[in-house]
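Whenever a hint applies, use it, and build me the whole structure from the sequences.
Note that UniProt numbering has the sequence shown beginning at 1, numbered continuously upward.
These are computed hints drawn from the structure, not numbers from a lab. The reader is advised that the hints may include incorrect statements.
[Unchecked claim] Here are the in silico distance ranges between beta carbons for each label pair:
#1 140 - 87: 14 to 22 Å
#2 21 - 263: 30 to 38 Å
#3 41 - 199: 47 to 55 Å
#4 302 - 99: 18 to 26 Å
#5 344 - 254: 24 to 32 Å
#6 190 - 254: 21 to 29 Å
#7 304 - 344: 17 to 25 Å
Note that beta-carbon positions come from the ideal geometry of N, C-alpha and C, so glycine has one too.
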Amino acid sequence: MDKKDIFREFLEKNEVLIVDKNPGSRNRLLKTMFDLGGKRHMMHTAGHLSEAEEIIKTKKIGVVLSDYFIGGGSGFDLFKMIREKNPDNKELCLILVTANISQTAVAKAAEEDVDSFIIKPYTIQSIQENLISTVSAKVKPSDYVVKIEEGKGLLNAGNYDAAERALKEATEMHPKPALALFYLGQLEYLRNHVNEAQGSYAQGLSFNNIHYKCLVGLYEIFMREEKHVEAYQIVKKIAKYFPANPDRLMQIVRLAIRTGNFQDMQSYYEIFTSLDERAESMVNYIGAGLYIAGKYNLLNNNPELALLFFDNIAISCSEFTKFTRAIISVLVEHNMGSEAEKYLNRFPSSAKEHEDFLISKFLVTTQKSSDNGAIIRMGLEIYNRNIRDYACLQALIRAMKKNGYKEEKMAPYKAEIQALFPDKAPVFA
Numbered sequence: 001m002d003k004k005d006i007f008r009e010f011l012e013k014n015e016v017l018i019v020d021k022n023p024g025s026r027n028r029l030l031k032t033m034f035d036l037g038g039k040r041h042m043m044h045t046a047g048h049l050s051e052a053e054e055i056i057k058t059k060k061i062g063v064v065l066s067d068y069f070i071g072g073g074s075g076f077d078l079f080k081m082i083r084e085k086n087p088d089n090k091e092l093c094l095i096l097v098t099a100n101i102s103q104t105a106v107a108k109a110a111e112e113d114v115d116s117f118i119i120k121p122y123t124i125q126s127i128q129e130n131l132i133s134t135v136s137a138k139v140k141p142s143d144y145v146v147k148i149e150e151g152k153g154l155l156n157a158g159n160y161d162a163a164e165r166a167l168k169e170a171t172e173m174h175p176k177p178a179l180a181l182f183y184l185g186q187l188e189y190l191r192n193h194v195n196e197a198q199g200s201y202a203q204g205l206s207f208n209n210i211h212y213k214c215l216v217g218l219y220e221i222f223m224r225e226e227k228h229v230e231a232y233q234i235v236k237k238i239a240k241y242f243p244a245n246p247d248r249l250m251q252i253v254r255l256a257i258r259t260g261n262f263q264d265m266q267s268y269y270e271i272f273t274s275l276d277e278r279a280e281s282m283v284n285y286i287g288a289g290l291y292i293a294g295k296y297n298l299l300n301n302n303p304e305l306a307l308l309f310f311d312n313i314a315i316s317c318s319e320f321t322k323f324t325r326a327i328i329s330v331l332v333e334h335n336m337g338s339e340a341e342k343y344l345n346r347f348p349s350s351a352k353e354h355e356d357f358l359i360s361k362f363l364v365t366t367q368k369s370s371d372n373g374a375i376i377r378m379g380l381e382i383y384n385r386n387i388r389d390y391a392c393l394q395a396l397i398r399a400m401k402k403n404g405y406k407e408e409k410m411a412p413y414k415a416e417i418q419a420l421f422p423d424k425a426p427v428f429a
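Structure, rendered in structure tokens:
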């Protein structure tokens with residue numbers, strides 16, 4: 001049976017799912033599948049990850065053609081989802097459609113996550129050849145792939161010695177056996193032989209330096225051993241070459257801050273803005289990361305970069321007024337009252353009676369006004385609302401001192417600031 005016959009037979013018993021945000025692109029791929037012999041009732045399309053998820057719940061999908069970026073996530077997210085639903089379907093074909101050649105090359109590097117790829121713009125002939133070759137390779141896999149599957153089966157069954165023999169045989173059957181080396185790494189990791197696992201992953205990367213699974217394997221080892229600098233370099237590489245998702249982006253931001261790579265936050269912010277959907281937890285993570293990076297740059301005499309990070313927060317995290325308040329507070333602390341005042345306009349109108357706005361407005365006033373009496377009245381108004389803030393209490397006490405208040409009048413406020421904020425040394429001068 002030749003490849004075309006294999007493909008035709010495969011298409012008769014397997015349904016096809018096409019996922020693309022662009023209706024025109026979906027329809028072009030759909031027409032191509034019809035031209036190749038696909039039956040209308042076995043063809044399904046979706047523009048969003050959630051739509052695709054509903055389809056794979058009820059249909060026997062054998063071929064998925066997905067764009068790189070889809071509504072609600074990436075093609076990789078969809079591929080992972082459908083593999084988890086069909087773990088025993090060895091003939092499942094997952095094909096990535098992309099307009100970016102560099103991304104395509106990386107997608108191919110993922111090996112098991114992507115069976116093939118189609119570059120936009122494509123021709124009918126190129127898709128035909130691609131689909132026929134991909135399906136044939138899945139239905140009639142190479143000896144290398146068969147041996148890896150044997151090793152995986154033994155590994156999952158807990159027969160580690162036999163799995164090791166099979167996977168080592170596989171490494172001799174391919175000129176660049178990165179995938180076999182990944183599973184050898186997994187085997188050693190399960191044996192708790194961390195150094196050997198790391199060696200296998202590194203060897204796999206010597207054949208393919210952006211092999212997704214080997215990169216993830218190394219990342220997990222470095223995190224387990226709390227080697228955060230090394231883990232950051234790995235996850236940074238993953239972010240550079242593979243589609244972003246919120247979980248990975250949060251890991252990257254956390255490690256960037258932990259390892260002091262504040263200069264990288266702008267690129268992660270740009271990845272963040274490219275996400276179709278941004279959960280509250282993700283917005284919190286990116287806002288916190290940008291704020292810490294901005295504060296670091298203020299402390300290191302780079303106010304221009306600090307203000308860039310703060311502007312990013314104001315644009316994308318404005319619903320979280322705690323960030324705007326923190327920005328204003330740190331700018332006032334660095335005697336940048338004019339810059340701080342500009343951020344008052346970033347508060348939504350509904351927040352004008354919120355403590356974050358009241359505190360921020362007061363702090364800006366302390367920078368712009370020399371009327372200590374007005375500052376005291378404003379500070380006491382906030383205090384009498386039972387709002388307690390370290391910077392506000394300090395500013396109130398300083399204004400009282402400048403206005404000639406006696407020590408016994410200021411004493412309750414000094415005692416309160418020391419009781420509420422014991423880890424901070426108050427400065428009242």
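Tested hints:
1. 140 - 87: 14 to 22 Å: Holds - the Cβ-Cβ distance for residue 140 and residue 87, about 21 Å, lies within 14 to 22 Å.
2. 21 - 263: 30 to 38 Å: At roughly 32 Å between Cβ atoms, residue 263 and residue 21 fall inside 30 to 38 Å, so the hint holds.
3. 41 - 199: 47 to 55 Å: holds (51 Å)
4. 302 - 99: 18 to 26 Å: Once the Cβ atoms are compared, 37 Å apart, the range 18 to 26 Å for residue 99 and residue 302 is violated.
5. 344 - 254: 24 to 32 Å: The hint (24 to 32 Å, Cβ to Cβ) holds, given that residue 344 and residue 254 are roughly 30 Å apart.
6. 190 - 254: 21 to 29 Å: holds (27 Å)
7. 304 - 344: 17 to 25 Å: holds (21 Å)
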